Each structure stands twice: as C-alpha cells, then as structure tokens.
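Reconstruct the complex from the two isolated chains, following the hints.
Residue-level listing of the chains:
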Amino acid sequence: MKRRAILAYLLDHPGVLQKVSMLIRKKMYNVDTLTVCKSRKPGISRMTITLREDDEARVSQVIHQLEKFTEVISAKELDTDHSYWREAAIIKLEIDSTQLEALHSEYKFEILDHKNHDTHIIQIAGSTRKIDAFVAQLGEEHIIEISRTGVAALEK
Amino acid sequence: MTGKERLLRALEKRGVRHIFGYTGGAIMPVFDSMDKLGIFKFVMSRHEQGATFMAQGVSRASLSTDDPQIGVCMATSGPGAMNLTTGIADAHMDSVPMIAVTGQVATGVIATDAFQESDVVGVMMPICKQTYMPLEADEIEKTVHEAFYVATTGRPGPVLLDIPKDVLNQQVSKDYKFSLENLRPNLPGFFYHPTPARAPVKKAIELINRSERPVIFCGHGVIGSNAGKLLQALAEKAKIPVAFTLHGLSAMQADHPLSLGMMGMHGTVEANRAISEADLLISFGMRFDDRVTGKLNEYAQNADVIHVEIDPSEIDKNVATTVAINADVYRTLHVLVGDPMLTAKPRRRWHARIDEFRQVMADDLRKEIKGGLGDEGKLLMKTIVSQLSDMTQGQDIVVPDVGQHQMMAARFYNYQTPNSWFASGGAGTMGASLPMAIGVKLVRPDERVWSISGDGGFQMNMQELGTIMEHKIDVKIVIFNNGYLGMVRQWQTLFFDGRYAGTPMLSPDYGQIASAYGIPYRKIETLDQIAPAIQEAIDLEGAIILEFICDPSEVILPMIPAGGGFDDMIIKRPMPQKKGGKK
Ligand SMILES: Cc1ncc(C[n+]2csc(CCOP(=O)(O)OP(=O)(O)O)c2C)c(N)n1
Ligand SMILES: [Mg+2]
Chain F
0 MKRRAILAYL LDHPGVLQKV SMLIRKKMYN VDTLTVCKSR KPGISRMTIT
50 LREDDEARVS QVIHQLEKFT EVISAKELDT DHSYWREAAI IKLEIDSTQL
100 EALHSEYKFE ILDHKNHDTH IIQIAGSTRK IDAFVAQLGE EHIIEISRTG
150 VAALEK
Chain W
0 MTGKERLLRA LEKRGVRHIF GYTGGAIMPV FDSMDKLGIF KFVMSRHEQG
50 ATFMAQGVSR ASLSTDDPQI GVCMATSGPG AMNLTTGIAD AHMDSVPMIA
100 VTGQVATGVI ATDAFQESDV VGVMMPICKQ TYMPLEADEI EKTVHEAFYV
150 ATTGRPGPVL LDIPKDVLNQ QVSKDYKFSL ENLRPNLPGF FYHPTPARAP
200 VKKAIELINR SERPVIFCGH GVIGSNAGKL LQALAEKAKI PVAFTLHGLS
250 AMQADHPLSL GMMGMHGTVE ANRAISEADL LISFGMRFDD RVTGKLNEYA
300 QNADVIHVEI DPSEIDKNVA TTVAINADVY RTLHVLVGDP MLTAKPRRRW
350 HARIDEFRQV MADDLRKEIK GGLGDEGKLL MKTIVSQLSD MTQGQDIVVP
400 DVGQHQMMAA RFYNYQTPNS WFASGGAGTM GASLPMAIGV KLVRPDERVW
450 SISGDGGFQM NMQELGTIME HKIDVKIVIF NNGYLGMVRQ WQTLFFDGRY
500 AGTPMLSPDY GQIASAYGIP YRKIETLDQI APAIQEAIDL EGAIILEFIC
550 DPSEVILPMI PAGGGFDDMI IKRPMPQKKG GKK
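If you're matching them up, the sequences are chains F and W in order. Counting along the first sequence from 1, when you hit position 129 you're at 128 in numbering that gives the first Met the number 0, and nothing is skipped either side. Counting along the second sequence from 1, when you hit position 181 you're at 180 in numbering that gives the first Met the number 0, and nothing is skipped either side.
This is chain W alone, in the form it adopts within the complex (with noise of 0.2 angstroms):
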C-alpha cells in the first residue's frame, strides 16, 4: 500500500465522507486513488477558496447531529494551496475544526523553487492549530489521525497535512504496522482540561446567587459542545437573561422570554444595556472579541466576571476575570445546573428594567419592518428576513454572508432549530456564504438551507454556483441587492459625511447567470412580491436564486461605532455626523 491509499484509509476511518477540492500535478495520485477506492463523494469547487468553505459548512452543521463530520478540503501545491488560505484563516479565526490537505513536490526538488512549490507549512503556520509535513510514506497514517485529534480536541481549528508528491506514491515499508486503537500521538504539551475544577465552580454559584443583575453570555463554545439546552436550563432556573455573540446564535430559541438576542457592535439595545448595568456577566465558551466589547476600558465596569472557556489563553485576555473555569462547557453547564447550591431568584426589578430596554428600538422596528420601504423606494433587508422568518416559523437554516445583510439576518430571523446559523464571524469573510450553505446542505440534506447574500459577496464566489448546478445541491439563494457594498457605506453615512467611495457597484443580470447555470431565478422589487417568491423557493425542490433589490439608505441599527464604549450606542436615524470612525 501506497502513502496516498493510507491517507485516504485514514480519513475513511474517521468518517469522512465528502472530500472538497481541486486537483493538480501535485496531489493528483491522491484524486486517482480516491476515485479507484470510491468510497468517498469528491465535490469538486470552482476554486480552492470555495472548497474550505464547503468544508467548514460540513464540520459546523453536522456537529449536533447524530454523525458528527469533520471537513475536509484539498488542494495541489502552490497556487491550489495558496488558495486556501483564506477560508483556512477564517476556520482558525471560528474555531471551526477542518483538515486541509495539499499534495507538495517531490522532497528531491523542495527548496530549489521548483514548479509550483511554495512554502506552505510556513504560510499556512500562523492560521491554523497545527500544521504536519510527512517525510515518508510510513508517517501518513498516523499523522493523519493525530491531525484529526489536535483539530477537534479542545478548542478546535483547521489543522494542515502537507505532503510531497513522493511521499504520497511511496510505498509503506514491509513491516508496516498501525492500529489505530494503539495510537498514543506524542503530545506532551497538548493540555486540555474538559472537567471544571471544584473550587472555582463554588464560588462561581455564590457569585450568581448573589448577583442582582446577571447577565449569562451564550458564545460559540455552546453551539460546539451541543450545550444549548444546558444553558437555557440554568437561565430559566436561577431567572437570568441571555445574551448572545454572533456565533451563539440559534443555541437556544430565539424567541424564547429570557433571550436579549445578541450583543455587541449590532446586538440589541436591550443586550447592550443589560450588559452596561449589569453586576454579573457569566460567560460561556466566547472570546470578549472587540466587536463584543467595544472599548475596553468603559466595558461593564460595575461587574464581576465568570469566564468559561476551554482556551486558557482566552481567560483574562481581554477582560479580566473574578472567577475563571477553564473547562468545557458542556461539563461546566452540566455541574452548575445540577448544583442544588444553586438558588432561583425572581430579579423583578432587573427583568422590568430590562424590559424597559426591550422598548427603546421596538415601535421604530417594528414600523419600519411594516413599511418595509426604504428612502429610495426599494426593499428593506429587515422586512424580507421578518417575512422569510415567518414564512419558514424561524426553523430552517440560515448561512449569511458578511455585511449589512449578515446582521439583518442575524437580528431579525427567529431561530428555532439549534445550531442553524453558521457565519463567518471572526474574520468576517466576504463569499464565505454561498460554498459554506453547500458544505450545510449535504449533512444537514433534510433541512431547508438558506444562503444570504449582499451584491458583493455573491460575487466574491458565485462561481461555486458550478458547483451547485453539477451535484444539485438543493440551496435557497438569496441575494440582497443595494447596489452597494452595504455595511461599508453605512460606516461612510455615519463617519465619512457621507462619501461613499469606493463602494457603489454595478451587478451583472442575475437572471442570465442564473439561467447559464440552469438555476431557476426570480427577481423581487416590490413589497407584494415578497411572499409569493419565498413561497416558491419553499414549494421547490432544487435551488433558486432569489434577487431582491434593497434600498442602499437602510443601515443597520444599534451600531456602536469601533473603538466606542456603549455608551456611544447609536439608535436613531437621522445619524449624528461623528468624525474618526476607525475600521
């Protein structure tokens, strides 16, 4: 047996079941192969970026599911690697766990700037959690299996195999052996710790028994540890409302009284608020990144920290903690809810504040949505992603893009199903949407999966519509088209005195792209066309694209502008004309 079969034996055994890439003289012994063992279903993407997002979609929508899938994504040296890079940095910026493959040249030319050779262990070291370089045929196996164990133990990431051409036709040596069971991966700096310790969960449980106004934070380590439930168990039994990152989305329902939907730059105001006022955050499995935060040194400065995190180097990184438990979630939900130290406390006074917040925005929302018309005459985002919602009851899957677009759907879809919203978050990349809704689609197959677009990420990686066409790949894909790039010019209404450069920009004729992939399409301007539109791509069975022309004046509402405290919460328009917004 060959390196190239072990490889593909190994991902077998880890029940990998698609493999997402794009072949080249490098890694095509490996293509051969797999197409001789058949037991893989190879997607082909139109480019390499394409394949890593498709592959973060199959590890994040599968993860609650009864057979949890890692993705996979592949690619040839040089150019077919350097492609990668960026749905790679994204994975590793999302904790999103992945394993990304590259066939490398032959060791006998590496270093001598041979024909597509680039040092890809060295780009590629900074943005993932591990990263491997087989030399011999012998190593591969077992390589493999401890990339799968580094990239899903912990705090997961994408993990790299680099491995020359060579090496991947070499023959394993005679007295080759590998037993999986066996396998002891030489790690001895690899700590991970998933049980909370004692001592910190007591005084944690005094903290939330003491506190007048908690506030729990549901961050992305909920979702990845399948905790949802646990966590709005311990809200609803000691009564403490939950606020939500981005990632934490659809961990519990949406609607569900003690949700203050999300927080940070876009969140709620009554997530804001509650967080300014609040004297305890308890949060779990998130980061403190500074779209949650703002500035730091103004941040819930009258409240105690509990931090659970299993990354030790998360806790005290941004916001120093009082109480800190470096353990899983999952485990540290587990005791805390079924610690009879802990007490329920009605906290009326802080719920009818927090009701108060609820009030600020609401009549100004809730007109706007009903109009549904922005200044321009077009098509407001919150008053599509308001009807999809209902039209759906808030239970399929939604997989934005990045923009103005993504917190419109992130604000105004009601989730229901856990672990339904699957966003570029960390890095925030542009084109994530359209192949990540595909990776969604083919382990979540029963589900219905929207893709949501702005006019310029659609078009970032709409040539993974190929994609869609050639497996018929049952996605919903809706472009939100303002004819701008959205959230970049709201920056520019609110802190450039409205200068938009750089980002008016003409869209091809959807409708001919469509019809050139044999996509159904239908285009959506007016308020009465709304519904029957979302209502076709419901009734339909295959992939529709859905246009509809939006109204470049909407702007997303609270922002609090980067580098602000929360104080500096935006919730009016008109917007105050403010200098020295920072990106």
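Chain F extracted, bound-state conformation (with noise of 0.2 angstroms):
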C-alpha cells in the first residue's frame, strides 16, 4: 500500500491529540507513524501522520474528518516527490568493533557511547528506508533497544 504523510497544524489544547487518535482508530486507518512537536508559532503544534493507504478517497477523508476538529487549523497531504520525510533511531547494540567499524563507513551514524568493548549506543538519521536498510543489515539478534521518533517531514 501507498505511503503517506498528512501534515496539520493544530492549537496546543488538552484532548487534541486524544481527539485525532480516536479519529484513527474510528475511521481504521493503518497509521504508522504519528509525531507531534511544537512549530513556530506559540500555542500551535505540527503533526505530521504517516499512513498506508491506496485510496485516494480515504485519504481526502481523513484530511476532512481532521479539518473538522475546531482545533485543527489545516491539514494537508505532503507530496512524496516534493517532501523531506525523515526519522531518527538511537539504538542500543551488541557487536564486536570492527563490525560496528564496517557500518559505520556505510551509515555515518553517530556513535553516543560505547558502554563495553562489544555494547554500544549509536545515533542515526534518515529516511525511513535508510533505518530500516541499517536494521536489515544489522540484524535483529544484534539490537539490545531500538528507540525509532516516527517521521518528520518538510515540504520542499
């Protein structure tokens, strides 16, 4: 199913963020990511929704049934061609140095603490593809944690 990003701007009041999760949860969209952060402006914050869904329809609606909130000041749809969409990980793994020294010239991420000669903590940014190609690679028996934001995005 398509990837989406839904961008609103909504004012910073108790209940919102209950309001549009039950509005997910009444309508069944597939969420994945959901991230909320203040934006420029006092008093407002920026969600941005990643969801998969093929109809086009579905997703004017939830644009719609967000709009609809009094609290919702706009919500739109981020174009993937024309949008940043990006996440970080900081995650906690157990592998021997000269491995960890192989990904990292692949990755660039960057490495918070090295806790003994084989657990580290290392930081890394990018697309949702780029994190989830460095787990792949990785492999999950290395991952002690894994702390994922979800998506944030900017229109270019």
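To be clear, the hints were calculated from the coordinates, so they are not data collected in a lab. Model, not experiment: these values are computed from the prediction. Quick reminder that beta carbons are idealized off the backbone N, C-alpha and C, glycines included.
Derived coverage of chain W by chain F (criterion: at least 3 residues anywhere in the stretch with Cβ under 8 angstroms from a Cβ of chain F; other residues may be distant):
#, stretch
1, 120-131
2, 181-192
3, 304-313
Structure, rendered in structure tokens:
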C-alpha cells in the first residue's frame, strides 16, 4: 500500500491528541507514525502522520475529518516527491568493533557511547528506508533496544 | 459573582428559557442558583436520557419559529452524566444543536476515582461536536458562549461543558470583565463557508438545464436552514421531482404534485425507482447514509451528483460528486432560484415515467389502508396513521419513536406544516419520542403534538409520563401495541425464516399506568373505534394515551434489504424468504 504523509497544524490544547487518535481508531486508518512538536508559532503544534492507503478518497476523508476538529487549523497531504521525510533512531547494540566500523563507513551514524568493548549506543538519522536497511543489515539479533522517532516531514 | 451564576447568566443571554435535567451532588449548586434567580423554567425529567431528548425537542421544533432556542440539559457527575450519552450521541448523529452541562467532582479530587467521578469529557469526546472543561470561574461565561457558537454554526451538533463543583462555586476574580460584543472565540481551525462559490453554482445550473431525468433530494439541512419554500420554488421552477430523506420530511407539503415522498430503505417506489433511473441527483443538506443509498456500487449509476452541503467532510464521503457546493443550503437555494440561467423544462417523459412508478404499489396500499385489518384481525398502523392524518388535515406535529410505526408515520401522514416531523434518525434511538414530544410542545404550545410509539419504545422512556403529569404537558400519546418489537420481527419474517427470537413482548396494562399518572386513556381495538378516539384526543385539552391494538403481521413496504441495491426492493407480500439479511 502507498505510504502517505499528512501534515497538520493544530492548537496545543488538552485532548486534541486524543481526538486525533480516536479518529484513527474509529475510521480504521493504517497509521505507521504520528509525531507532534511545537511549531514556529506559540500555542500551535505541528503534527505529521504517516499511513498506508491506496484509496485517494480515504486520504481526503482523513484530511476532512481532521479539519473538522475546531482545534485543527489546517491539514494536507505532503507529496512524496516534493517533501523530505526523515526519522532518527537511537539503538543500543551488541556487536564487535570491527563490524561496527564497517557499518559506520557505510551508514555514517554517530556513536553516542561505548558501554563496553562490544556494547554501543548509536544514533542514526535519515529516510525511513535507510534506517530499515541499516536495521536489516545489522540483524535483529544484535539489537538490544531501539527507539525510533517516527517520521518528521517538510516540504521542499 | 460565582462561576455558577456566570453560567446561568450566559444561558439567559443565549435565549435559553427551559432547562431539562436532574440534580445531584456535583451540580446542585447550579440548581440552587437557578432557583434563586428564577429566570428559567426547570423541567425535571425522570431519567437523564429523557432530558437530552426534551432538549433536542426544543432545538428541533423552535428553529422554524420566530424564537429559535437551543435545548439545554443538565446532570450531575458520574451516573448522571453517563445517562446523557445516548441522547447526546443521537443529537450528534442527527446534527441537532444542544448544550449539555454536567457537574464534575472538585478539581482537588479529579483523577482519584472520587465518589461519582467519571471521565465525562473522555466519554463524550467522540459523540460531541466539542467538549469543554473550564477550570476557573473566569472561564465559564466565555466558554458557554463559545459552546453556543460551535453548537449552532455550520453543521450543528451537541456541545458538552463539564464543570468541576469548586469551579462552579468559585468567585470570579475582582477585575473580571466580560463583554459578549467583544468576544472573539479563539477558533482558528473552525471554518464555515456559508456562501456558495460562483463556479460550482454555474456548473450546477448547466447540469440541471441539461438533465432529462433529475431528482432533487431534500435533506435535514433544508429543515435546519428553513429553506423548504426555496426548495419548493426550485422544484417548481425547473419542474423537478423531490425525494425526501427521513429528516427532510415536512420541509414541503407531502402531497405536493412534485413530491415523491421518502427515499431509501422504506422509501416509496416512486422515489427509489426515480433515483435508479435519474441522470442527475441534486442533493441538499444530506449525507447519503446507507439507509438512503443501499449498496453503494449499485447506487444511481447513471446519475451525475450535485451535492450542496455545509460539512465538507460529507462531500465525496459515500457518493462521488460531479459538482460539490460546500455552503449553506438556504443561501445556495437562494442563488439557484434567482439565477436567470436556470431554465424551465417540462420534462414530460420523465414525469410520465414517474407516474408509472407511483402506480406500482398504489392499489395494494389503498386496499390495505381501506381494509384496515391484518392477518390476525387486528388494526393496521397505516390505517390509523392515515385516519389521523385526515382528521387533523395533516396540520399537526408528529414525533415518532423508532420502529415500524415510525416508518408508517413517515409514509402515511400528509405533512402540511413546515418542520412538523421530529424523529431520531441517524441513531434510531427507541424511547426518543415521549421526551422529545415534551420539548417540542414547550416551544410550539399552540400546535397539537402527537407522540407515536411502539409498545417497545414506549416502555423505554415511559417514566417521562411523570414529567407530563407534573407540568401538565398537552401531548397526545399514541401507542401502537403489536406485542412485538415489530421492526425486528419484520426482518425475522423476511430474512430469518420467521423465527421470532427476542421480539415478542408483554406490555403492562397501559390503562392502569395512565390512571396512575392521572392521564386519560382509551384502548382502541376495532376499526370503528379509531375515529372517535382520535376525535376525543383532538377535543381534549391535555395529555391522553391512546393504545391501539395492532396486527403483528403488518409489514412496512417497500423495503430495500440492508446492504441490498434498489433492484432488490421488496414490494409485495407474501415476502420471499431471503437469506443473509444483516442489520
Ligand atoms: C435503544 C434501541 N434498542 C434497540 C433498537 C433496535 N430496534 C429497532 S426497531 C426495534 C423494534 C421497535 O419495537 P416497537 O417499539 O414495539 O415498535 P414497532 O416496530 O413494533 O412499531 C428495535 C428493537 C433500537 N433502535 N434502539
Ligand atoms: Mg411493537
């Protein structure tokens, strides 16, 4: 299914996040990530939702339904070709140093901490695909813990 | 001044005169102030659900009067608030503006599972247009005004205010100032486009002029914006037949030559066939719900669709539109009717075709209504409704409950008065009628109001007879007692091989119930008793209960089975046994 990103600006009021998540449940959207942060304007938050949906009509329904909330100032779909989608991950992994070096030259992550000779904490940022590829190459068995931020997106 | 006084003053300012509700620990300070102020008529329901439907009755019935009012209901925290949910969800489904005020436990104990604490805002959020919880007395007045604005602007809906008890009792600050004139609610995300854009209107007129087989749809938005006259003008000018949604009924006179009656699941043959064959649907203030469309991929396949609707999220939701006009129905009709580009086309072939559709069931229905008795020799609801309609010249207000009798009342009462039909539609809440009729009567005191319920629905809220008794409310209460949850029984007859699981039902002796509440009562079992009983109700000043003993075998036809298409419309008894009907 096609991945979509929806950008919304909303009032930073209690309960808004609950409304959005209830909407997602009620309408049974396949949401992958949902991130909220402060926007440039005080009192207004910026939300990015990524979901999987082939049906254009359902996507515009999400947008209409979001806009129906009095707290949502605007919502729109971000065109994949004309926007950047990025996420970051912090990963605690167990791997020997030579392997880590090899991966590092390919993925250019930042090493935050060496807990001991084979336990490290790294930080990686980039497209979702890049992080997925890194995780796949690393192998699940080397991961002790992983924290991903979800997608932040910005129009070109 | 305290928060509770600010609350009441704001309600007064908004033209509220009746408050429906039930007291309790967290809300009693408000009741106390209300008593001292003496500006509201307080009507105590016997169950909080009753209060919600009374409030709905006020909003629905008064919108077409010179004095539109918004219904207000009040309840205490916890169980009181929870008892409001059904009526609020119902108002949300039917886009009825309403204000619900609940007391909440004091801020100091919120989130400790205090006595009678429940997360009212959490529960109400998905069934309200907006919810508020003011945490300072200073916020209350401004919040009430914002609540009214949100409830009534654009597509209307219910709004809840949940106010902690200590905030109600709190004094407003010394330098507190409020001016309604200067109030600008901070709602940057609240958009509302009442004026139609020029381009789609032009396109719509082109489509209308070009069409050979158009049908106008009259939805709740026509009633809500008081646009019945304009809709009729459009229909007459362009010679276009009009089909009604359940909530569009009474926007125009039911026997107008261009009326096709109700559309959808229990709609008329002429409405549904016309829709199937139409080349253009011009829909005003409605949302193409499944009871209207049946199977979507078979719906009106050859028709272009013009959709005039105030809520943009309804456009293209169920049916793809050719021309979308996101605007107020009244304003759009005003523009359309006045546009000199709109041509009058006689469309003789189309009207001749529709006359054929009108004949499909006409004889059968005429015979049935005249015969008046069902398989078991008991009365037919359609006969009773037809007589009621004749004897009142279709002038009265009808508030049905939910079930077969509702569809009979929708189909066989000849509505003449604009905005004279108030039904629970989207939610289909049994028990709505009796309390809703109370609210209706309070704001339309000079008109006769008939509450028509089945034996099932009547028993769901018959405690409100107490309210009728106490406030001497002149509602003519009709019970169609067929001994069954008739509408479900009909589905069982048609789709469950006639197994009547969970639908037969005993009723109490309604005569004794009536006398316990001091309300006159008549039981009607034979055809010749119908007219005198109705006449007695008409002549009597005050409430009366008429119990009609109805035939359980009666069905409301035509019927499009749930999930079926218009081609599956059942028009004849005995009915084919079909499998797989699901609710
Ligand atoms: C609160 C509620 N519960 C259940 C239903 C499902 N339901 C719809 S119609 C109906 C039967 C109504 O029976 P009655 O009030 O006797 O009216 P009749 O159909 O017999 O005229 C039922 C159970 C409902 N609509 N509302
Ligand atoms: Mg019944």
